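Peer 1: Sequence:
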Amino acid sequence: RNSEELSALFASDNIAASTMAGGAAVAWSDFRLQGDGYTRFYVRDQQLGPRQAGRLVQRLLEIETYRMMALLALPVAREVGAEVSQAENALMRLTEQMADSDKLQNEHVLLEQLTSLASGVERLAASSSYRFSAARAYYLLVQRRITELREQRLQGHAPIQEFMERRLAPAMRTCESVNERMTQLSDRISRAANLLRTRVDVALEQQNRDLLESMDHRAKLQLRLQETVEGLSVVVLSYYLVGLIGYCLKALKASGVALNPELLTGVSVPVVCAVIWFGLNKVRRILLREHGH
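For any residue, its number in the working numbering is found by taking its place in the sequence shown, counting from 1, and adding 11.
One should not assume that every hint holds.
[Said to hold, decoys possible] So the derived label-pair ranges between C-beta atoms look like this: (1) V213 - T158: 26 to 34 Å; (2) S138 - L222: 44 to 52 Å; (3) D56 - R178: 20 to 28 Å; (4) A137 - T158: 32 to 40 Å; (5) H228 - V294: 43 to 51 Å; (6) L72 - P181: 19 to 27 Å.
In case anyone wonders, no lab produced these hints; they're calculated from the structure.
Because the structure is a prediction, the values reported are computed rather than measured.
Where is the CB? At the ideal position from N, CA and C, for every residue including glycine.
Taking the hints into account, I'd like the entire structure generated from these sequences.
Peer 2: The structure is reproduced here in structure tokens:
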């Protein structure tokens, strides 16, 4: 057919055509929906047998069907690509804030934001992975069916394989690019979250270490204070007990007993202090033993 007849059959002048099945047939198509909602193929039988003709027509229909099924992923890729761009910008801002953050409270907030961002990216991956996987499978089927046509170039027209490389392959590369960006983004978020989580853990460990050191310091101060109080207690108790002994000695002297109250009172001071000190230490050991120390 001449170009005028082909233009009347198809809605576009961009028509793919080639000799197929070792020269047994020639096929034309623009792979566009016509006004009646169908895609048209024009096949000229040159040396086709009935079964060979059936297989050829089936392969052409499968190429168009699988091409349309593969292209269903393109709108999804465009939508997901826009959301991935937003998530990439959000991750960039968060990583910049991570570099400037030096407070544990801020890092907790950043970690929550990273977790939320990771959740959003995983939601995108879950909602689009099936469509992208299906597109890859359909694209492989298109390429396989084109190979089975055994095309030879027809002068003045691009073969179907070349036509698909110009029309379908860029769409599939777009889908693959978006899917790869999404995977890389998920990995980057995971690395950033792990880094921030490590920083938070280190900061918490430092806080715990500082807290333990502070508690140990307070315990030592309390021990020193306790020892000081015990020493004062020995002095106070000894003072009162020696005073009582002095009163008793003076009473004995007044009753006629020959003794020196001042001398005996002075001699009793170290004895009383020693007895009280040993007594308090024994009580403390008993209390510590009862509490498991």
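Peer 1: Are the hints correct? Go through all of them and say.
Peer 2: Here's how the hints hold up against the structure:
no. : hint                    : in the structure
1   : V213 - T158: 26 to 34 Å : 58 Å, violated
2   : S138 - L222: 44 to 52 Å : 45 Å, holds
3   : D56 - R178: 20 to 28 Å  : 26 Å, holds
4   : A137 - T158: 32 to 40 Å : 34 Å, holds
5   : H228 - V294: 43 to 51 Å : 27 Å, violated
6   : L72 - P181: 19 to 27 Å  : 23 Å, holds
The structure shown violates the earlier hints numbered 1, 5.
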